[in-house]
Amino acid sequence: MKITLKDGSVKEYEGSRSVLDIAKDISEGLARVATSAKVDGDIVDLRTQINKDCELELLTFDSEDGKGAFWHTTSHIMAQAVKRLYPDTKLAIGPSIDNGFYYDLDRETPFVTEDLEKIEAEMKKIVKENLSIKRFTKSREEAVAYFKESDEPYKVELVEDLPEGEEISFYQQGEFVDLCAGPHLMSTKNVKAVKLLSLAGAYWRGSEKNKMLTRIYGISYPKKAELEEYLHRLEEAKKRDHRKLGRELGLFMMCDEGPGFPFFLPKGMVLKNTLMEYWRELHKRNGYVEIATPIILSRHLWENSGHWDHYKDNMYTTVIDDEDFAVKPMNCPGGMLVYKSEPRSYKDLPLRAGEIGLVHRHEKSGALHGLFRVRCFNQDDAHIFMMPEQIRDEIKGVARLIDEVYSLFGFKYHVELSTRPEDSMGSDEDWEMATSGLRGALDDLGLDYVINEGDGAFYGPKIDFHLEDSIGRTWQCGTIQLDMQMPQRFDLEYTGADGEKHRPIMIHRVAFGSIERFIGILIEHFAGAFPTWLAPVQVKVLPISEKHLDYGKKVLKELEEAGIRAEIDERAEKIGYKIREAQMNKIPYMLVVGAKEEEQNLVAVRSRFAGDEGQKGIGDFIAAVKEEIAGKIQREVVKED
Numbered sequence: 017m018k019i020t021l022k023d024g025s026v027k028e029y030e031g032s033r034s035v036l037d038i039a040k041d042i043s044e045g046l047a048r049v050a051t052s053a054k055v056d057g058d059i060v061d062l063r064t065q066i067n068k069d070c071e072l073e074l075l076t077f078d079s080e081d082g083k084g085a086f087w088h089t090t091s092h093i094m095a096q097a098v099k100r101l102y103p104d105t106k107l108a109i110g111p112s113i114d115n116g117f118y119y120d121l122d123r124e125t126p127f128v129t130e131d132l133e134k135i136e137a138e139m140k141k142i143v144k145e146n147l148s149i150k151r152f153t154k155s156r157e158e159a160v161a162y163f164k165e166s167d168e169p170y171k172v173e174l175v176e177d178l179p180e181g182e183e184i185s186f187y188q189q190g191e192f193v194d195l196c197a198g199p200h201l202m203s204t205k206n207v208k209a210v211k212l213l214s215l216a217g218a219y220w221r222g223s224e225k226n227k228m229l230t231r232i233y234g235i236s237y238p239k240k241a242e243l244e245e246y247l248h249r250l251e252e253a254k255k256r257d258h259r260k261l262g263r264e265l266g267l268f269m270m271c272d273e274g275p276g277f278p279f280f281l282p283k284g285m286v287l288k289n290t291l292m293e294y295w296r297e298l299h300k301r302n303g304y305v306e307i308a309t310p311i312i313l314s315r316h317l318w319e320n321s322g323h324w325d326h327y328k329d330n331m332y333t334t335v336i337d338d339e340d341f342a343v344k345p346m347n348c349p350g351g352m353l354v355y356k357s358e359p360r361s362y363k364d365l366p367l368r369a370g371e372i373g374l375v376h377r378h379e380k381s382g383a384l385h386g387l388f389r390v391r392c393f394n395q396d397d398a399h400i401f402m403m404p405e406q407i408r409d410e411i412k413g414v415a416r417l418i419d420e421v422y423s424l425f426g427f428k429y430h431v432e433l434s435t436r437p438e439d440s441m442g443s444d445e446d447w448e449m450a451t452s453g454l455r456g457a458l459d460d461l462g463l464d465y466v467i468n469e470g471d472g473a474f475y476g477p478k479i480d481f482h483l484e485d486s487i488g489r490t491w492q493c494g495t496i497q498l499d500m501q502m503p504q505r506f507d508l509e510y511t512g513a514d515g516e517k518h519r520p521i522m523i524h525r526v527a528f529g530s531i532e533r534f535i536g537i538l539i540e541h542f543a544g545a546f547p548t549w550l551a552p553v554q555v556k557v558l559p560i561s562e563k564h565l566d567y568g569k570k571v572l573k574e575l576e577e578a579g580i581r582a583e584i585d586e587r588a589e590k591i592g593y594k595i596r597e598a599q600m601n602k603i604p605y606m607l608v609v610g611a612k613e614e615e616q617n618l619v620a621v622r623s624r625f626a627g628d629e630g631q632k633g634i635g636d637f638i639a640a641v642k643e644e645i646a647g648k649i650q651r652e653v654v655k656e657d
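Residue numbers (our numbering): 17 to 657.
Keep in mind the hints are simulated off the structure, nothing from the lab. Among the clues, some could well be false.
Capping the alpha-carbon separation at 35 Å, the derived lysine-lysine pairs in DSBU-like fashion look like this [unchecked claim]:
1) K254 <-> K602
2) K590 <-> K283
3) K632 <-> K570
4) K99 <-> K54
5) K99 <-> K288
6) K99 <-> K208
7) K632 <-> K569
8) K594 <-> K570
9) K22 <-> K240
10) K570 <-> K642
11) K225 <-> K144
12) K68 <-> K54
13) K54 <-> K22
14) K254 <-> K380
15) K283 <-> K134
16) K225 <-> K18
17) K260 <-> K648
18) K99 <-> K68
19) K225 <-> K134
Generate coordinates for the entire structure from the input sequences, incorporating the hints supplied.
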């Protein structure tokens, strides 16, 4: 049989071989770190036997799929530890998740935080025991009988929901046996570092009609250093939590009177408006026109766009003059009407129309999370209408624009090209043209990208930009989606050079995505310490005493006249207290003014970047800060030896 590896090389074997044996044949080192594999795209155990030609990709902890097997195994180790310590506990489910694993458990005396340390210690014992993990199967009837005898009612229910005649897979490590589809590691010994993180309540099968179980969350790694790095990032994330910093810095608030509807406070509005001013300047420079479309539009429009059928549950609706209307959840249908408002010629294309539109989406209350998941937000949409031969250049222009935005804020990012899904609309020829256009643009730009097979939108392929923040978390913000269907639904046309009517191609694209969500990401990325150009208050004037208040106000006036956002601290507090408070408020520059400064028309400059920067003439200071703001320069923090 022929085994085609990820790099295209081919291995040939006589007879059946396990994935692990093939891994050892390739490299003993690779076999030691492999957690699972993909055979013809399906994720399998290393113990899986291969007996036919196939494509094989060996997975390690460094890949997302490889982490899944590692964390799933750890969830079983945790369940085994729980059963050893608290034998009467009933087991529900224990999957791997994006960041670790959990197990839902039913115990007469609910678990408390103090129990986690004991469970963790028992897990470490199980790891040291180096228990071999074996897979076996039972019939559905045998599985039901087994779990009834083991007094595991949740497992019985899970098995009984499976079709009759189904063969059920089990995994065993030592005395512990669990129902599971896998994959799992070969032994418990590879889980070198584990930490149980938290407890939460979870209804069985997610229904509030069922019993509340205890969910224990955890994380594990092959190396202790990796776990320590993750826990450090977790602590950093808590310190940077945008909900906490948003309150402390007076940026935004949430109220019970408007759940999921953020209130922006004065400083938050400065931040938001500064971002939107940058957006407008950037788009004007790149040949966009700005439009605004209504928040409420008729049901007929949303039926035409397809949203009424596919998205109605997430839309807020109302009735006007006995007619159904909906609050817009996205901007694109309004953009279609703007395009149709007048006849278009090939000479008008490409037409790049941008909109920072306020949209509303009905999110479940349990999904709401600060600015990251809200019910109303500003979406920085743009729609580009073009001829087919313009696709490649327009995609390149958008990719450069998004790169400029992310580079400005210091974000690294990676790119995914998502191709045609199974439930797509349109012809093979249209999809091939669109996908080739996106791929060609990325190749022309020399951008590395990953192909995400079958994950495009139903109306066209797309490019997603996943940015990485200062503590290594990734966020999907920017996207470029090529749409051949909506121009057809709205019967959009342009007159070509041949005098005939043609259908334009359309790009949906966002750079920030949701402005609100992007602000939340920026708060956490910068830990509230924004670059000077973006900071709500750029300079704080700190008079040493009331005697120097008039001079302080004179300095403040000069700053304001220069267009610098500044405040003065007029309180009768000690200067050390004022400085500390300004530092807590993440102010980029503090100008201390006293007798010496007043006599010589100077200011004593303290910055968030370098601490004490010495005395400067007010004119020189203003010129330097204006240059920093105009250039959107991000000064580095100078660390002392």
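* If you check each hint against the structure, which ones fail? -> 5, 11, 15, 16, 18
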